[in-house]
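Given chain A, put chain B in place with the hints provided.
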Amino acid sequence: MYIYRLVFLLVLAIYIFSPNILDWWTTPGNAWYSPFVIWAALIAVGFWLEWRRDPNEF
Amino acid sequence: MSFSAPGLLLASLLYLMLLFGIAWVTERGIIPRHWVRHPLVYTLSLGVYAGIWAVYAAVGLAAESGYGFLAYYLGISGAFLLAPVLLNPIMRIGRAYQLTSLADLFAYRYRSQWAGTLVTLCSGLAILSLLSMQIQAVSTSASILAPDTSPHLISIMFSLIVVLFAMLFGARRNQEMENHPGLVVAIAFDSLVKLVALLVIGGVVLFTVFGGMGGLETWLAGNTTPATSMSMSIDDGSWRALMLMSFAGALVLPHMYHMTFSENPSQKALAKASWGLPFYLLLLGIPVPLILWGGQELAVTTGPNFYTLGIAQALENPALTLFMYIAGLSAASGLMIVSTLALAGMVLNHVVLPLKTPKDQGDIYRWLQWVKRMLIAAIIFLALLFHETLGKNLDLSILGAISLAGTLQLLPGALGVIYWPEGNRRGLIAGLLTGLAIWLITLVLPFSHTANLLGWLNAPIVPDYGNWHIFTFVSLTANIIVFTLTSILSSSSNDETSAAQACSMGALSRPQRRELLASSSDDFERQLAEPLGRDVAKREITRALGQLKLPNVEYRPYQLRRLRDQIEINLSGLLGPSVARDMVKRHLGFKPMTRGSSAQDIRYVERALGDYQSQLTGLAGELDTLRRHYRQTLQNLPIPACSVGEDGEILMWNQAIAELTGITADEVVGARLMTLPDHWHHLLDDFNRGEDLHRYKHRLDLRGRPHWLNLHKAALSGPDHPDGGSVILVEDQTETRLLEDELMHSERLASVGRLAAGVAHEIGNPVTGISSLAQNLKLETDNPDILETASQIQQQTRRISAILQSLMNFARTGNHSRTNRYEPVSIRRCVEEASNLLSLSDKGMGIRYINDCPDTLQVLGDEQRLVQVFVNLLANARDASPDRGSIQVTGKQDGYSAIIEIIDQGSGIPEDQLDHVFEPFYTTKASNKGTGLGLSLVYSIIEEHYGNIQVESPASAQTGLGTCVRLKLPAYEPETDSVTTRPNERY
Numbered sequence: 001m002y003i004y005r006l007v008f009l010l011v012l013a014i015y016i017f018s019p020n021i022l023d024w025w026t027t028p029g030n031a032w033y034s035p036f037v038i039w040a041a042l043i044a045v046g047f048w049l050e051w052r053r054d055p056n057e058f
Numbered sequence: 001m002s003f004s005a006p007g008l009l010l011a012s013l014l015y016l017m018l019l020f021g022i023a024w025v026t027e028r029g030i031i032p033r034h035w036v037r038h039p040l041v042y043t044l045s046l047g048v049y050a051g052i053w054a055v056y057a058a059v060g061l062a063a064e065s066g067y068g069f070l071a072y073y074l075g076i077s078g079a080f081l082l083a084p085v086l087l088n089p090i091m092r093i094g095r096a097y098q099l100t101s102l103a104d105l106f107a108y109r110y111r112s113q114w115a116g117t118l119v120t121l122c123s124g125l126a127i128l129s130l131l132s133m134q135i136q137a138v139s140t141s142a143s144i145l146a147p148d149t150s151p152h153l154i155s156i157m158f159s160l161i162v163v164l165f166a167m168l169f170g171a172r173r174n175q176e177m178e179n180h181p182g183l184v185v186a187i188a189f190d191s192l193v194k195l196v197a198l199l200v201i202g203g204v205v206l207f208t209v210f211g212g213m214g215g216l217e218t219w220l221a222g223n224t225t226p227a228t229s230m231s232m233s234i235d236d237g238s239w240r241a242l243m244l245m246s247f248a249g250a251l252v253l254p255h256m257y258h259m260t261f262s263e264n265p266s267q268k269a270l271a272k273a274s275w276g277l278p279f280y281l282l283l284l285g286i287p288v289p290l291i292l293w294g295g296q297e298l299a300v301t302t303g304p305n306f307y308t309l310g311i312a313q314a315l316e317n318p319a320l321t322l323f324m325y326i327a328g329l330s331a332a333s334g335l336m337i338v339s340t341l342a343l344a345g346m347v348l349n350h351v352v353l354p355l356k357t358p359k360d361q362g363d364i365y366r367w368l369q370w371v372k373r374m375l376i377a378a379i380i381f382l383a384l385l386f387h388e389t390l391g392k393n394l395d396l397s398i399l400g401a402i403s404l405a406g407t408l409q410l411l412p413g414a415l416g417v418i419y420w421p422e423g424n425r426r427g428l429i430a431g432l433l434t435g436l437a438i439w440l441i442t443l444v445l446p447f448s449h450t451a452n453l454l455g456w457l458n459a460p461i462v463p464d465y466g467n468w469h470i471f472t473f474v475s476l477t478a479n480i481i482v483f484t485l486t487s488i489l490s491s492s493s494n495d496e497t498s499a500a501q502a503c504s505m506g507a508l509s510r511p512q513r514r515e516l517l518a519s520s521s522d523d524f525e526r527q528l529a530e531p532l533g534r535d536v537a538k539r540e541i542t543r544a545l546g547q548l549k550l551p552n553v554e555y556r557p558y559q560l561r562r563l564r565d566q567i568e569i570n571l572s573g574l575l576g577p578s579v580a581r582d583m584v585k586r587h588l589g590f591k592p593m594t595r596g597s598s599a600q601d602i603r604y605v606e607r608a609l610g611d612y613q614s615q616l617t618g619l620a621g622e623l624d625t626l627r628r629h630y631r632q633t634l635q636n637l638p639i640p641a642c643s644v645g646e647d648g649e650i651l652m653w654n655q656a657i658a659e660l661t662g663i664t665a666d667e668v669v670g671a672r673l674m675t676l677p678d679h680w681h682h683l684l685d686d687f688n689r690g691e692d693l694h695r696y697k698h699r700l701d702l703r704g705r706p707h708w709l710n711l712h713k714a715a716l717s718g719p720d721h722p723d724g725g726s727v728i729l730v731e732d733q734t735e736t737r738l739l740e741d742e743l744m745h746s747e748r749l750a751s752v753g754r755l756a757a758g759v760a761h762e763i764g765n766p767v768t769g770i771s772s773l774a775q776n777l778k779l780e781t782d783n784p785d786i787l788e789t790a791s792q793i794q795q796q797t798r799r800i801s802a803i804l805q806s807l808m809n810f811a812r813t814g815n816h817s818r819t820n821r822y823e824p825v826s827i828r829r830c831v832e833e834a835s836n837l838l839s840l841s842d843k844g845m846g847i848r849y850i851n852d853c854p855d856t857l858q859v860l861g862d863e864q865r866l867v868q869v870f871v872n873l874l875a876n877a878r879d880a881s882p883d884r885g886s887i888q889v890t891g892k893q894d895g896y897s898a899i900i901e902i903i904d905q906g907s908g909i910p911e912d913q914l915d916h917v918f919e920p921f922y923t924t925k926a927s928n929k930g931t932g933l934g935l936s937l938v939y940s941i942i943e944e945h946y947g948n949i950q951v952e953s954p955a956s957a958q959t960g961l962g963t964c965v966r967l968k969l970p971a972y973e974p975e976t977d978s979v980t981t982r983p984n985e986r987y
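Chains as they are written, first to last, in the numbering used here: chain A, 1 to 58; chain B, 1 to 987.
I should point out that these hints are in silico values taken from the structure, not numbers from a laboratory.
A couple of the hints might just be wrong.
Derived Cβ-Cβ restraints for the label pairs, each shown as a range [stated by the list, open to error]:
| id | chain 1 | residue 1 | chain 2 | residue 2 | range |
| --- | --- | --- | --- | --- | --- |
| 1 | A | Trp24 | B | Ala459 | 34 to 40 Å |
| 2 | B | Ile461 | A | Tyr4 | 32 to 38 Å |
| 3 | B | Arg514 | A | Leu49 | 39 to 45 Å |
| 4 | A | Val45 | B | Lys538 | 40 to 46 Å |
Glycine included, each C-beta is placed from N, C-alpha and C at the ideal position.
With the rest of the complex left out, here is chain A:
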């Protein structure tokens, strides 16, 4: 269960700070599509994690 607690903490932290993260994404200097680029990068990480995952892993 240890790993799940860590995941839970991480998710909670991201959730609490998500407005600040979005503010950072949409800083006026950035291009209008920059939030989408960062989001796409997150998806790429998700894809990579899924790709290298052992099918029997939880």
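Just chain B now, kept in the frame of chain A:
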């Protein structure tokens, strides 16, 4: 630009007909199965989440809070990216126990029908506003395009088509296929239409309105007001609320649960969707800012919610306009169909069936299908009613917010299923009631203009469009606190604890081993026929037996418990977990427990651990390796062993006992001792029940041969292991027993030999005396009769002496001190001497002795005794040979051995006598012709010379006649130069 109402209706009908066509073609199997089950189709079908939001409401929210609209997509993206720890466990539980909705999951985990019913009611209330939102979007979009159309007509027509579709393709219950492939493909097509439409309108705006990226940048640089540049600061509260609701949506929205878990084709598909759905939502999100800016640039009058349509109209492009309308229609219809279906299933299992279980003996499957169809119609009718009375007056975004805030109340319970085994039904129901009450009072009633309690009470905060998120958080927080506190303060039932164990992450359920009332699967059938009817009961039992790969009739208690679980799972898919559990509990019951607790089902746990093997890591993996090691040790133990539970159920049956009994472990593990064949059953059951811990040399006749078994028993319970039962070792002593018998036989013979020698010695003296007296008698008389008598006396005393000499020779075995006197002896000379001696006898005058032994063949030994060997062997051969027969003696050196064969042409020795010929006093000759000691003597002498003797009969396979006696003695090699060579110098 506007459309005519009939034209719009026709277009809507045509599109929905297309959807019907796709679903129908899929159901008929015309589309290849691997396409239907492809992860891409599954991922697209999950796009049902976006609903009307994607096409219309997202632009409206973007106009209000800039990039805040992304919260609706980012929340669920997060949930899917966390699929391995959030969605996979739910899918595992859902699949294992056939839980098709969130209400099923709650009813199963919290062991409460009320939990299921409450979840159903909560989802139902929340979904009504979501359905109303879809109906409103479709009717409003229709009125924008055809202002003269009646929105009521559009709403009703649209609802009717959705009802029809859901009834035809969603309410079907196919026992062979658990999924609804037609529905999945149609919804995936809906999502594709939605995506293409948005990308097309985004592209059109970018390239037609702004003239490409450069034009857009220039426009953005010139329009820096917050409303146009989307740079307005995001309201933290509503962002967080929307994000949380969207995150929860992956689990608690009925249509998402249905598509994600119930229609899931494979684990792999969910893994692909974990990044596939976020990617799909990203593509849906990209055009939203473009559409907003396009609408602003074109000064579209429809209001931001419907900019998608407005832009197409402003561009005077009827095809594009119709496409956008169809996209909205497809988004709305997809969401409505799936959520209605999911809700109908929940209402059926948790409201209808608990009130009325079908007890008529008709076709239960058909009955369920029709009830579900009626429920679908009823739900859509209610949604229409809600829309016409309240929904149409509310904004799209607030309708969505109310709906999501309602389903959000289910999040604590859903997370508790996987992560908090301590949570119980009292806590869940109390928390849910609290959260729902606050939700109703602060969000539903004020926004539907029914009652604004906070306003009447002059509360500091009164719900409005700007602070709805506060009340969302308040209701959720109250829900969590009440859930937690009540769960901690109240106790859970055993049933609930075991369900919690079964559901929590990576845990195994540890069922107890209890005795069923039924003793066979036929009993199950009779018991289930009462609630289900004979046909349905028979079909369900056969199906479960087939799934578990069990024989048509099953008796083993362990397999019957598995069968009972499987029946509960299957009935859960049919009637919902609560009804299924009640039915199974009532009709397939256990016998009352005789003691306070019962033993764990070791075999069940072992099997489950076996399934988990590849998933166990770290300490658990090490423990599993140890478990396997000890298990294998027991399995491979060369002593037959088995362990038996307190109730006589066999828990372990190792390989050695399987070999001894000829019964494999698969046949008996999980069965009672009484199901063993009679002889084993009597032996093991008696011993298991008896007081004795050991039983020695129990005779058991197996396969026509006697076996002697030693049994040992030890109790399994100990300080670390409270469960009862015993382990039984069965030692097969048959070999030892036979050896003992043989030894006793030898002992007896040896004592007879010693006795004989003693007697012979004692008799020798008087016989010598008699012989001397007879000799004297001959000297003292001339009477021919008396002389004849004296001669006969002498002859008989010689005979007695010969017998006594043989006896003395036989008794004198094993005297190894004689080996000191051994010297090289020529075999040829011995044979020669023996045949000469025999030739002197008047018996067998016509027999020829052929001595083929080479002169060089020598052994180290006592020549006199070896001559005795050959005399005996040749005499036997002579006695067996026919007149004028020949006896051949051959010899050869084979390595370090001398092999001598004596072959006659006699009648041979019958096979059953071959084993006995060397036994003392064993003879086939007449009593005055042989003592039965000759061959025994030969055997002893050859053993003294470290050789061995074999008898083969018949000697010739062709004639079937003759006997061959083969002697093998260590050959003597005279010392020569080559012998003195050191071994390492030989080569």
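### Query
A:Val45 and B:Lys538, beta-carbon distance inside 40 to 46 Å?
violated (53 Å)
### Distance restraint hint 34 to 40 Å, applied to the beta-carbon atoms of A:Trp24 and B:Ala459
holds (36 Å)
#### Entry: B:Ile461 paired with A:Tyr4, Cβ distance criterion 32 to 38 Å
holds (36 Å)
### Task
Evaluate the given range 39 to 45 Å for the C-beta pair formed by B:Arg514 and A:Leu49.
Given range 39 to 45 Å: holds, Cβ gap about 44 Å.
Checked against the numbered hints above, the structure violates only hint 4.
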